[in-house]
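Colleague: Going by the working numbering, the sequence shown opens with residue 1, and the numbers climb by one from there.
Taking lysine-lysine and the BS3-like style, the derived pairs with C-alpha atoms no more than 27 Å apart in a straight line are:
1. Lys581 - Lys638
2. Lys521 - Lys571
3. Lys521 - Lys613
4. Lys289 - Lys258
5. Lys117 - Lys220
6. Lys581 - Lys521
No wet-lab data here; the hints were simulated from the structure.
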Amino acid sequence: MLRILPILTIMVIAPKASSTNYYISSSDIRANDSNPGTSPLAPWKSFSPVNSKASLATGDTIFLKRGDTFREQMNLKAGRNLVITAYGTGELPVISGADQVASWTGEDGIYQVKFSKQALNFFVNHKEQVLARFPDEGSYLTVDQATNDYLQDAALGSMDLATLNQSQVCVHTAQWCWEKSGIVSASGNKINYLHPTLRVPTAGYGYFLYGHLSYLNTGKEWVYDSINQLLYYKPVSGNPNTMTCEVTVRAYGILPSKSVTGLHISQIAFAKQGESGVALPYPENENFKIDQCRFEGQYQHGVDIQGRYAEISNCTFREVDGLALFIHGTGFGARIHHNTFRNIGPFRNSGIGQEINLSAIKGAFVDSCHIHHNDIDSTGYCGIAMDGKYNLIERNIIRNAMLINNDGAGLKSFGSGSQYNIYQNNFISLSDGNPEGNPPGTHFSTPAIYLDFSVSRCTIQENTIYDRTQRGIFLNSGTHDNTVTGNVVYGANYCLDFNGNPILPTPMTGMTVKNNYFMVKTSGDYLIRMLDNTGGYHQGEIDYNCYFQPYNPSLFAFLPPSTSLAFSTWKSTTGFDQHSKSNTVSWNPSKPTDTLFINPSDNPLTIKLGPNKYTDLSGEDLCGSFTLQPYTSRILIKSSTLCIPTRMNGKPRSGPEVFPNPATSFIQIRSEEAIKELVLTDLNGRQVLKVSHPSAETPIGLPAGLGQGM
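Hey, can you work out the whole structure from these sequences and the hints?
Modeller: Spelled out as structure tokens, the structure:
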């Protein structure tokens, strides 16, 4: 007899996972790591409970108490759509990579303290101090001969070998980089590097030694003796025991594993980490968002991004030694916007210490990134350097880039892998480069916008370059099929530079240069430089531009090594600029009347000009006012001619003239005879102003709120 057993179906209904809020405070007396951490009334004391979790639930939020400082590193092992933010009131919570040091002893202005951890960086009152160096800041030793593994200098022969063997070296290996290494051995006039340099400096480049106690002779300098575990410091004045002294000892602020995606970090301050404030080091780290955060004093990076679709916005980066924001690897689709960058890359021997160093924003061959509305002031190297494809860089303001290096730019792109990038509506100023440490006579004329070797199919449009003396827009050898249109270059030794040197086989062809406005500001400067035309002028289409050379019309274009061309000769020689305009107004160089009007905002800006007539570089006359569109500019030349008012039918008025009309803020009068009294009425016949003996030389202010014509 068969017995059929029933099949039982058992359904287990698991409870739906829910997100949890966790609270951490380093200052709350109720804080303890044994607490559940789920209430601000009983928070955790440290990051240890978070770091020990194998995984956080989707949507979990970690709150750090405002006003607290956390001298530790947060390691996230796994989780999706996590949030790390602040709670409470007061200043942003700080995740610090530094430990405090105290109990200094010293004499003759040099202090020391026992410190058992490896010291990577040193801060006093939150300002980074200088590693003791020889020679002191502003002076350099000189390379006689070098390879990637050593350098030779006759001056080394007189130095103590023991000192050299305990030093580090920073070498100016190329105009755009300083490289650093330990010294593995020294003998005679030769020092051997611990790590090979990427580039080999030619004879005459500068270098300096640093990191030995014997170099400690200037205020703000410090040295760490790892053998004896002693930290030495020479303050400018005072006693370091009365100061806040901190030493960098931790690598990261927040470090997620590859199993973390969708992380959102908001309203957190990161300070003094040895590697990065936040690192997104894996391709799997997708959809990260960092906003309203602050990054200060990181040794290598503020934020290091390799994951996809990261968004960094409304953050502040200050005194980051290497790269404030580094996008590389698989960093596809990053959005970097509305951030502030200040004093990035201030030291030659800090940061990464190689070619990619000292810039505010660096993209290393990444695609489809949108970099916009960032405010950058003071960088050792580039403001923004984006290598890769389909990146849009727009509406950024860059000042004082290139403070340490040469051969870079406010905006730069490099290599044949850089294509289809767009640089538009950016403002670049005060970024001329620094020739310190260069051999004599090798100063590179640093551009504001730089398409370096073999960049192609990129667009430079409607950018404004001003308050500079060096190159405006530089197209280097091998670049081709790029477009330069609608830009304003207000002062440069070469406003536009084609450096078609035959060292690269790719010819400089397919360029489109149209509708630009170029003006030199100094005698001896040129509007265009064009190198290597032995095969004819095949660079592309250059036309419909407006040029202004008010000092010497014969210095329109420069053809190396020595040829200068006037505008007419340039046109007949090259066939370019047949429809372009040059020197459209008269000029008195001793009394310049040019003005650059700019609108670095997202809204149209109406600018009042006063009673005088202005002319732009295309020859258009303007009177009264004009409107600038967002992130654009215009060069205007003020004339001594007053704007002539007319009736509606275009016929001149007879008798005394009043203009502008309608008027809202001021009027000006013109009359061949003296006027005893001027009475103004509005269109309804009501008197709005009476002036006795008005002067034709002085504008007359109108009552507030007046908007009708007279």
